[in-house]
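**Q** Sequences are here, hints too, so could you generate the full structure?
Heads up: the sequence shown begins at 1 in our numbering, then just goes up one per residue.
Misleading hints may appear alongside valid ones.
Between beta-carbon pairs, the in silico distance windows are [as the list claims (entries may be wrong)]:
# : residue 1 : residue 2 : range
1 : Val63     : Arg124    : 21 to 29 angstroms
2 : Arg129    : Ser65     : 22 to 30 angstroms
3 : Pro73     : Glu149    : 24 to 32 angstroms
4 : Gly184    : Arg112    : 22 to 30 angstroms
5 : Asp136    : Arg70     : 42 to 50 angstroms
6 : His210    : Ile125    : 26 to 34 angstroms
Rather than coming from a laboratory, the hints here were simulated on the basis of the structure.
Quantities reported herein were computed from a predicted structural model and do not represent experimental measurements.
By construction, the Cβ of each residue, glycine as well, lies at the ideal position given by its N, Cα and C atoms.
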Amino acid sequence: MRSPPRATERGEGEVLVFDRDGVLHDSRERAWRAYQTARTEMGLWELPDLTGPHELPLIYQGVLSQSLTRWIPYEAAERFWQRHARLTDVTADESAHGVIPELADVLDELGRGPGYGIVTGSHRIAVERLLQRSLDANAMPGVLLSRDEDGRKELKLRLLHRQHGATAYVGDTGSDVRHARAAGLRAIAISYGYADIDDLIAAGPDFVLHTPAGLDAW
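**A** This is the structure in structure tokens:
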């Protein structure tokens, strides 16, 4: 296994874009329950039966749209992830938590300063409701691109790079790292989210942060 890249300080003028789930919000419990529900509803018994959130790294490997093709056809995997996104969104209000506490001050500082963006596979209203639990209006993202907007994550990141000067994307899966690189952004991986460290390193991030406090300090 290659060693993870060493974290360096955030560059002056860095304009950050974040994923939401796994990065800004700990949604692993909901993601696991949504996975199990979608697997049952769709009768996709070929997919692994996960015993808890700790097994999510098994399915969050490589490019997300292809991660389930080890067990089911690509088209079925696409339908599965669409259903999974709907299930995680409709259960978002069940969570008592908003932004991970260590990151609320980070977003507040960015929101009142250089600004920041969010690009996520979740629906806009679910993201906004979650952020509003922890942030006031001045700390909200300047740009939020969600599942409700057309286009792949890579294209949305390119848009933010070109039109808003985004320089780096903070994600928690190998897929996020690859999207960031394809869009011409620095790839910052966090290892406290959905994927395991081996998958993150294999994708080739610029560096890896291991805790929310690490992102705060960086």
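**Q** All hints, please: hold or fail.
**A** Cross-check of the supplied hints:
At about 24 angstroms, the CB distance of Val63 to Arg124 agrees with the hint of 21 to 29 angstroms. Distance hint check for Arg129 and Ser65: the Cβ-Cβ separation is about 26 angstroms, which falls inside the suggested range of 22 to 30 angstroms. Against the hinted window of 24 to 32 angstroms, the Cβ-Cβ separation of Pro73 and Glu149 comes to about 27 angstroms, which satisfies the hint. Between Gly184 and Arg112 the C-beta distance comes to about 27 angstroms, which sits within the given range of 22 to 30 angstroms.
Asp136 and Arg70 have their C-beta atoms about 44 angstroms apart, which keeps the hinted 42 to 50 angstroms range intact. At about 31 angstroms, the beta-carbon gap between His210 and Ile125 stays in the expected band of 26 to 34 angstroms.
Comparing the model with each numbered hint stated earlier shows that all of them hold.
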